[in-house]
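K.L.:
For reference, the chains in residue letters:
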Amino acid sequence: MDFTKPTIEYADLWPLLVVFGVACAGVVVEAFVPRALRFIIQTALAVAGILVALAGTVIVARDLDVLGDGVARGAIDAEGTIAVDGPALFFWGILLVFALGGALLFAERRLEGGVSAFAGQAAALPGTEAERQASTRGLEHTEVYPLMMFALGGMMLFSAANDLLTLFVALEVLSLPLYLLCGLARRRRLLSQEAALKYFLLGAFSSAFFLYGVALVYGFSGAMGFAEINEAVRNDIGNQTLLLMGIGMISVGLLFKVGAAPFHSWTPDVYQGAPTPVTAFMAAGTKIAAFGAMLRIFYVAFGSDRWTWQPMLWIIAILTMLVGAVLAIVQTDMKRMLAYSSVAHTGFLLTGVLGVQAASELADGEVTSLQAVLFYLTTYGFSIIGAFAIVTLVRDAGGEATQFRSWRGLGRRSPLVAGLFAFFLLSMAGIPLTAGFVGKWAVFTVALAAGAWPVVIAAVLCSIIAVFFYVRVILLMFFDDDDVTAPGEVASVTKPSVLTSATILVGVAATLVLGVVPGPVLDLAANAGQFVR
Amino acid sequence: MYAFNEGAIPVVDPTSADGIYSLLWLIIALPLAGAAILLVGGRFTDKWGHLLGTLLPIGSFGLSLALFLDLVGRDEADRQVSQHLYTWIQVGGLDVGADLLYDPLSALFLLLITGVGSLIHVYSIGYMAHDPRRRRFFGYLNLFVAAMLTLVLAENYLGLFLGWEGVGLASYLLIGFWQHKPSAAAAAKKAFVINRVGDMGMSTAIMMLFVTFGSTSFTVISEKAGDASDTQLTILGLLLLLGACAKSAQFPLQAWLLDAMEGPTPVSALIHAATMVTAGVYLIVRSNFIFELAPHAQTAVVVVALISIFWGAAIGCAKDDIKKGLAGSTMSQIGYMMLGAGLGAAGYAFAIFHLMTHGFFKANMFLGAGSVMHGMDDDVDMRHYGALRKMMPVTFLTFAMGYLAIIGFPGFSGFWSKDKIIETALADSWLVGICALLGAGVTGFYMTRMMLMTFFGEKRWEKDVHPHESPSVMTGPLVALAALSVLGGIMLAGDWIQDFLAPVVGSEAHDDPPLPALAVTTIAVLVVAAGVALAWMLFGRQAVPRTAPQDVSFATRAARAELYGNQINDGLVVTPTRHLVGGLLVLDKRGVDGTLTGGATGVGALGGLARRAQNGFVRTYALSLLGGALLVVLALLAVNLA
Numbered sequence: 001m002d003f004t005k006p007t008i009e010y011a012d013l014w015p016l017l018v019v020f021g022v023a024c025a026g027v028v029v030e031a032f033v034p035r036a037l038r039f040i041i042q043t044a045l046a047v048a049g050i051l052v053a054l055a056g057t058v059i060v061a062r063d064l065d066v067l068g069d070g071v072a073r074g075a076i077d078a079e080g081t082i083a084v085d086g087p088a089l090f091f092w093g094i095l096l097v098f099a100l101g102g103a104l105l106f107a108e109r110r111l112e113g114g115v116s117a118f119a120g121q122a123a124a125l126p127g128t129e130a131e132r133q134a135s136t137r138g139l140e141h142t143e144v145y146p147l148m149m150f151a152l153g154g155m156m157l158f159s160a161a162n163d164l165l166t167l168f169v170a171l172e173v174l175s176l177p178l179y180l181l182c183g184l185a186r187r188r189r190l191l192s193q194e195a196a197l198k199y200f201l202l203g204a205f206s207s208a209f210f211l212y213g214v215a216l217v218y219g220f221s222g223a224m225g226f227a228e229i230n231e232a233v234r235n236d237i238g239n240q241t242l243l244l245m246g247i248g249m250i251s252v253g254l255l256f257k258v259g260a261a262p263f264h265s266w267t268p269d270v271y272q273g274a275p276t277p278v279t280a281f282m283a284a285g286t287k288i289a290a291f292g293a294m295l296r297i298f299y300v301a302f303g304s305d306r307w308t309w310q311p312m313l314w315i316i317a318i319l320t321m322l323v324g325a326v327l328a329i330v331q332t333d334m335k336r337m338l339a340y341s342s343v344a345h346t347g348f349l350l351t352g353v354l355g356v357q358a359a360s361e362l363a364d365g366e367v368t369s370l371q372a373v374l375f376y377l378t379t380y381g382f383s384i385i386g387a388f389a390i391v392t393l394v395r396d397a398g399g400e401a402t403q404f405r406s407w408r409g410l411g412r413r414s415p416l417v418a419g420l421f422a423f424f425l426l427s428m429a430g431i432p433l434t435a436g437f438v439g440k441w442a443v444f445t446v447a448l449a450a451g452a453w454p455v456v457i458a459a460v461l462c463s464i465i466a467v468f469f470y471v472r473v474i475l476l477m478f479f480d481d482d483d484v485t486a487p488g489e490v491a492s493v494t495k496p497s498v499l500t501s502a503t504i505l506v507g508v509a510a511t512l513v514l515g516v517v518p519g520p521v522l523d524l525a526a527n528a529g530q531f532v533r
Numbered sequence: 001m002y003a004f005n006e007g008a009i010p011v012v013d014p015t016s017a018d019g020i021y022s023l024l025w026l027i028i029a030l031p032l033a034g035a036a037i038l039l040v041g042g043r044f045t046d047k048w049g050h051l052l053g054t055l056l057p058i059g060s061f062g063l064s065l066a067l068f069l070d071l072v073g074r075d076e077a078d079r080q081v082s083q084h085l086y087t088w089i090q091v092g093g094l095d096v097g098a099d100l101l102y103d104p105l106s107a108l109f110l111l112l113i114t115g116v117g118s119l120i121h122v123y124s125i126g127y128m129a130h131d132p133r134r135r136r137f138f139g140y141l142n143l144f145v146a147a148m149l150t151l152v153l154a155e156n157y158l159g160l161f162l163g164w165e166g167v168g169l170a171s172y173l174l175i176g177f178w179q180h181k182p183s184a185a186a187a188a189k190k191a192f193v194i195n196r197v198g199d200m201g202m203s204t205a206i207m208m209l210f211v212t213f214g215s216t217s218f219t220v221i222s223e224k225a226g227d228a229s230d231t232q233l234t235i236l237g238l239l240l241l242l243g244a245c246a247k248s249a250q251f252p253l254q255a256w257l258l259d260a261m262e263g264p265t266p267v268s269a270l271i272h273a274a275t276m277v278t279a280g281v282y283l284i285v286r287s288n289f290i291f292e293l294a295p296h297a298q299t300a301v302v303v304v305a306l307i308s309i310f311w312g313a314a315i316g317c318a319k320d321d322i323k324k325g326l327a328g329s330t331m332s333q334i335g336y337m338m339l340g341a342g343l344g345a346a347g348y349a350f351a352i353f354h355l356m357t358h359g360f361f362k363a364n365m366f367l368g369a370g371s372v373m374h375g376m377d378d379d380v381d382m383r384h385y386g387a388l389r390k391m392m393p394v395t396f397l398t399f400a401m402g403y404l405a406i407i408g409f410p411g412f413s414g415f416w417s418k419d420k421i422i423e424t425a426l427a428d429s430w431l432v433g434i435c436a437l438l439g440a441g442v443t444g445f446y447m448t449r450m451m452l453m454t455f456f457g458e459k460r461w462e463k464d465v466h467p468h469e470s471p472s473v474m475t476g477p478l479v480a481l482a483a484l485s486v487l488g489g490i491m492l493a494g495d496w497i498q499d500f501l502a503p504v505v506g507s508e509a510h511d512d513p514p515l516p517a518l519a520v521t522t523i524a525v526l527v528v529a530a531g532v533a534l535a536w537m538l539f540g541r542q543a544v545p546r547t548a549p550q551d552v553s554f555a556t557r558a559a560r561a562e563l564y565g566n567q568i569n570d571g572l573v574v575t576p577t578r579h580l581v582g583g584l585l586v587l588d589k590r591g592v593d594g595t596l597t598g599g600a601t602g603v604g605a606l607g608g609l610a611r612r613a614q615n616g617f618v619r620t621y622a623l624s625l626l627g628g629a630l631l632v633v634l635a636l637l638a639v640n641l642a
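For the record, the sequence lines run as chains W and F. Following our numbering, the numbering of the first sequence begins with 1 at its first residue and continues without gaps. Following our numbering, the numbering of the second sequence begins with 1 at its first residue and continues without gaps.
Any given hint could be a false lead.
Claimed, not checked - Pulled a few chain F residues facing chain W out of the computed Cβ check, cut under 8 angstroms: (1) V603; (2) G607; (3) R611; (4) S624; (5) G627; (6) A629; (7) A635; (8) L637; (9) L641; (10) A642.
For the record, the hints were derived by calculation from the structure and aren't laboratory data. All C-beta atoms in this analysis are idealised placements derived from N, C-alpha and C, irrespective of residue type, glycine included.
One chain only, chain W, in its complex shape (with noise of 0.2 angstroms):
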């Protein structure tokens, strides 16, 4: 057997490589630079890669290839197993805006006295001498940014794969680096490795239903590329039960990640626990991812035989949004009460993917389902990496505070942050005059049109639920009194550095902006235009 030198497009993978090249380089510097220089070099080298990357996706968006009847601009690229299209570059776009996000985050140290919100010494058993030694010789894991940039890697190319072998690749790529990081919390260490197990545990279960879908599927189709598999999936070549058990076992595994009932019950959990500014990264980074690789795997790859599988996700669409609501009622833990928030996040999402996805059954004007999706994930990850950095922010003498009895009044004590933090919290809400409020509308219409008004009816009611819960927490802040918390328990706003500052300040500009002028980004995702096939 011949083998055949592969052909790499390089012109249109540079971004991607840009971030993989930094990650390695980044654990080139963990084994060469002296322990006292590695957190600049560190934070500098990640944040120049994401400038680059994010530079090059520009690029390289700019010099797409429109191809034949103009709805799609892109390439497949890498023997066909990368997709560089529109969306996948507005995925990378969004995806590095918020990593970027996310590495400012790991970057503040003034919250926590000159250290990182990592542990110091990730090997010391919680509660020991070696622990308490890491603690005050200052030390700090600064390999949290070669993992950082290898998950970051492992979405982008998980929102760009092509074929079903790189996409499993590219999940394990995004996944692993994600479990580390959930255990590093400096402070609730237990909790955190707690989690960070959890996840493992789960996801490694997930993906084993993910990669017994994938061999189904090849099982029927014969094939890993999603054009083939299409071609397949049109021409009923197999055994549809091997399709159709497939679809079910990669579904599963995606929908675990975008964190759908009934595969939610790690969010909460892992959200509470990881440090949270990895809770920020991950929350808006791997639903983008997901969602990214759920939508060109659904429209692609299984894109013919639509009416198989939308019935499963009306229902699972209508679960998530159900359950992420309704649990979100009775929390009383800010990062747990967001985590089913996300929860309900993606259900409204998963109503998004129910919509209409070719631009010509639409009147002008009109957006497509990959639009409505593609601006609700920016919108809600700018709000969502705001909050969490707000949840950063609001600490007592054991850390980050994130029990609702220590933020009563803190709409008294700090108004601007309790300010802008509400300002999230509407928009998540769906508040008109915030971006999330345009997001919603714009899901909820591409369903609608495409005759999903049961999913639709059900996403109503649930905002209408999770309005209460948002509006809950502004109460909390705002109108309630502090006296009746324990003097030991009540939060203040400790003040962050200027990384903290700029995150939340972008996301309110972003939040702000995307509610009262949506017109620039809702054409963006336009112009993103179709997936190549």
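Guided by the hints, dock chain F onto chain W, whose structure is given.
P.N.:
Only chain F this time, still in chain W's reference frame:
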């Protein structure tokens, strides 16, 4: 342009404004600017605000006078001018311009509003001199003047309605001007709420006009009025009458006017006597093209007018509060105007004539009453007055002019205007005529009673009260108004007012009255004299007790209680509404809120239940993952292969 035939209903057909008429908008704009400056400028305008607030209406008056003189000089057929300012509303078929219409009717109103209004502004400088919120008072007064001018200058019903609501707002603000008094606040609220009833009639009428004629413009409607069916026109007439009743305090929506006397006296004079309360009469006269074709609605106007004449007169006879006595009289006199308006083309001009003369003498007497109160430490009880003619000679003399005018003393303005209405009423029907005649007699009685109790008889003053004449800034306007009260009848000379208004309201000589005109006049004077004499017997020759006697007839008790108008409202409207609202509240709490809170509780309980699945054990999570996966796969298979 305009062909005028005897007996025909005139059509509004204005020419567009040019020359001096292009300044028409300025008449409204001046006081409006005053209101804006005074109300927005805040305390920075405290020092000079009242002067500015007085100068601007005077400016409007100057402009109105110039326009009026020009209009009189014009050819009779050319006396309607309209000015298009801008397109106000354009939605679908609804196209409303901000248009003004200047014709003889609005010309007279402009003179009355800006003229009497300016005098009252001048008077207020003295009357409100010690009020810390004087600047705000002038701001509200200017707002009122601007709104009232809008009302009479609008070229369409929507513009009229804008002014209508504007005067309602200004009236509300001014009645409740002394908001620290709960009674004033309550009175303002009451006036506002009762006026809402009329506004509903007005707005329904405007909607119906639009539906029927496709426009709200006087020009269009006056031309097309004949196309509508009788029923439509009758309903329109009744709806407009409902609006007019509320604004003009006519039965059955009269109850707010007496309470409105809680406002400062200049307000009572300007708004609740001379101008705003006559807006209902204006509305009916302006809508003559509808009422002329709706005889049933006209009959309703006459009935309402007659009831109001006696209702108001009865209140006037029994009240000891000088302002409330005058308020009752206002209601009664507006009844006369309504009567004139209800009599059709023969009566419109006289209704407006009486409206003008009443504006003069009633403003005169209200300001006189204010002057008396000023000297009596704001006491309004006439039983505490007496023998004031020597202490306040100017006030007394000017008040006397107003008195002679209102009772219809021969030669005074009220004599001419009321006489004409009685004459026309007699020509229309015996019954109506005799009612009008009797009303005049009652007017003579209650006004004489007021005059005697205030200025004649024994001193019945409270301790520490030292009556004194008011400053000249207050007596000056009194003198001017007294002169107008005496001379206002001049408008009738040579049938001028009928001819002048004919292009707007048409002209129709009334049928010959059953008696010669001179006989009617003589009888009227005799009836009034009888009323005056009776009052003299009761209040002039006998001493007036300092406290109101309680062992009085049922009729007196009823009149003192304003003929139980408030109780009737309470029984018929307020209490049932309260019960309805109470019922709705219970429904809202139990039904709507119950559903909501029940729903919320339900969701919360569901959450509490579902939360148990989130127990922290990975094995449970993995199980739910597995279960979910099974469900997804089986569902996919079941749905697609079944």
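K.L.:
Against this structure, judge whether each hint is valid.
P.N.:
Here's how the hints hold up against the structure:
| no. | hint | verdict |
| --- | --- | --- |
| 1 | V603 | 6 angstroms, holds |
| 2 | G607 | 4 angstroms, holds |
| 3 | R611 | 5 angstroms, holds |
| 4 | S624 | 5 angstroms, holds |
| 5 | G627 | 7 angstroms, holds |
| 6 | A629 | 4 angstroms, holds |
| 7 | A635 | 6 angstroms, holds |
| 8 | L637 | 5 angstroms, holds |
| 9 | L641 | 7 angstroms, holds |
| 10 | A642 | 11 angstroms, violated |
Hint violations for this structure: number 10 only, all remaining hints satisfied.
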